[in-house]
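Residues per chain are reported as follows:
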Amino acid sequence: MTMSTATEIAAQEFTCVVERHRPQIFRFLLASTRDVDLAETLTQECFLKAHRNWGSFRGESSAMTWLMRIAINLQKDHWRNRRMQFWRLTRTNSVDLDEASEWLPSGERSAEQKLLAKEQVKRVWASVKGLSERQRTVFLLRYVEEQELSEIALATGLSEGTVKAHLSRAVTRVRAELGGKR
Amino acid sequence: MSLMDKWTGKRNGMVGQVGQVEQEALGSGSSRETGDEALSQALANFKLSVHAWSEAEFSRPRTVVLGVRHRSWRLAASVALGCTLVAAGVSGGVYEGEQRREAAKVAAEARAAEQQRLVAAEKARQDEEDLLAKVDSDVSRETPSAMEPLAQLMAEDEVQK
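Chains as they are written, first to last, in numbering that gives the first Met the number 0: chain A, 0 to 181; chain B, 0 to 160.
Just to be clear, a hint being listed does not mean it is correct.
Stated by the list, open to error - Partial chain B-side listing against chain A, Cβ under 7 Å, derived:
1) Leu-38
2) Ser-39
3) Lys-46
4) Glu-56
5) Pro-60
6) Ser-71
7) Trp-72
8) Tyr-94
9) Gln-115
10) Leu-117
11) Val-118
If you are wondering where the hints come from, they were derived from the structure by calculation, not from laboratory data.
No residue lacks a Cβ here, since even glycine has one placed at the ideal position from N, Cα and C.
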């Protein structure tokens, strides 16, 4: 196999990875930031970084877990930089909870069910907003991305026990929000 | 499989795991079952909502009107805040400078008054010295010299010879 052929195959593989996982990475970042522009920017940065390091990816975890780890780190760096930079802090484009709760799939539901679902979604958003960065990441990976605890542990670099603890606290908070304001 | 089953993750056997984690956070008895049900429902709806939002944003061409409006509003607020801070800084500096100038003026006046007082005191001392010297001079001129008559006699004897 020539060098150029190997490069072409790697490029094709990476293209497949991008096509397959981009929506999921974008969705996770959107849920984490509630900012469409920022989620798009971070998604692009994530795949740019992945492209640069594609050669060093050894397949020890799945490509999705590897990409998710990059996305989590980028998001962490972003918030850290924002905390340090006051002027950037005033320029967040995050949508408010009401706007985020508007999104529901058009299924076979009555108006009452839709209203109830919207109210529930709003309360879950409210509790997610109050979670710590790690709790929020673990919660979203589990309940939005449906990842296994072991995958979450790999993506976040935490032990499974720590992931469970964060998840338990997050669920307690969501339940309190749902029950306390009913 | 119903739509809700699909979203709640029954297909992937997630419900059991969710329940396991939840059980650590929930109470016990029938209230827990009710809580589990409500929580599962809320989480399923939340997931549906995020997926719907993400899919819509992902497939939609970008429109930047809202973002620009938000940005311009926030930019204006940032500029206003910045101007306020700069104005506060400048006025603080001006006030501080004014205070310093005022203090320097008071100190200069105090120094001038002290100088004038010293000059006046020196002048008074000089006047007093002059007066005393004048008095001494007048007194010495009016008092006759003790040896003066003898000196006159000597002069007369020399004339007789």
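Can Tyr-94/B be said to touch chain A, with a Cβ gap under 7 Å?
25 Å, violated
Proposed interface contact between Pro-60/B and chain A, which counts if any beta carbon pair is under 7 Å:
12 Å, violated
Holds or violated: the hint that Trp-72/B contacts chain A, with Cβ atoms closer than 7 Å.
Violated - the Cβ of Trp-72/B stays beyond 7 Å from chain A, reaching only about 10 Å at its closest.
Is the interface hint for Leu-38/B satisfied, with its Cβ closer than 7 Å to some Cβ of chain A?
5 Å, holds
So, Ser-39/B near chain A? Judge it on the closest CB pair being under 7 Å.
10 Å, violated
Does Leu-117/B pass the interface check with chain A, least Cβ-Cβ distance below 7 Å?
57 Å, violated
When the least beta-carbon distance from Val-118/B to chain A is tested against 7 Å, hint result:
This hint is violated: Val-118/B lies away from chain A, its Cβ roughly 59 Å from the closest one there, beyond 7 Å.
Return the status of the interface hint for Glu-56/B: holds when the least beta-carbon distance to chain A is below 7 Å, violated otherwise.
5 Å, holds
Lys-46/B was flagged as interface toward chain A. Is the shortest Cβ-Cβ separation under 7 Å?
With a minimum Cβ separation of about 5 Å from chain A (threshold 7 Å), the hint on Lys-46/B holds.
So, as I understand it, the hint says Gln-115/B touches chain A; can you test that by seeing if any CB pair is closer than 7 Å?
Violated, because the Cβ-Cβ distance from Gln-115/B to chain A comes to roughly 56 Å (cut-off 7 Å).
Does the interface hint hold: is Ser-71/B within less than 7 Å of chain A, judged Cβ to Cβ?
Check failed: Cβ of Ser-71/B comes no nearer than 11 Å to chain A, outside 7 Å.
Comparing the model with each numbered hint stated earlier shows that hints 2, 5, 6, 7, 8, 9, 10, 11 do not hold.
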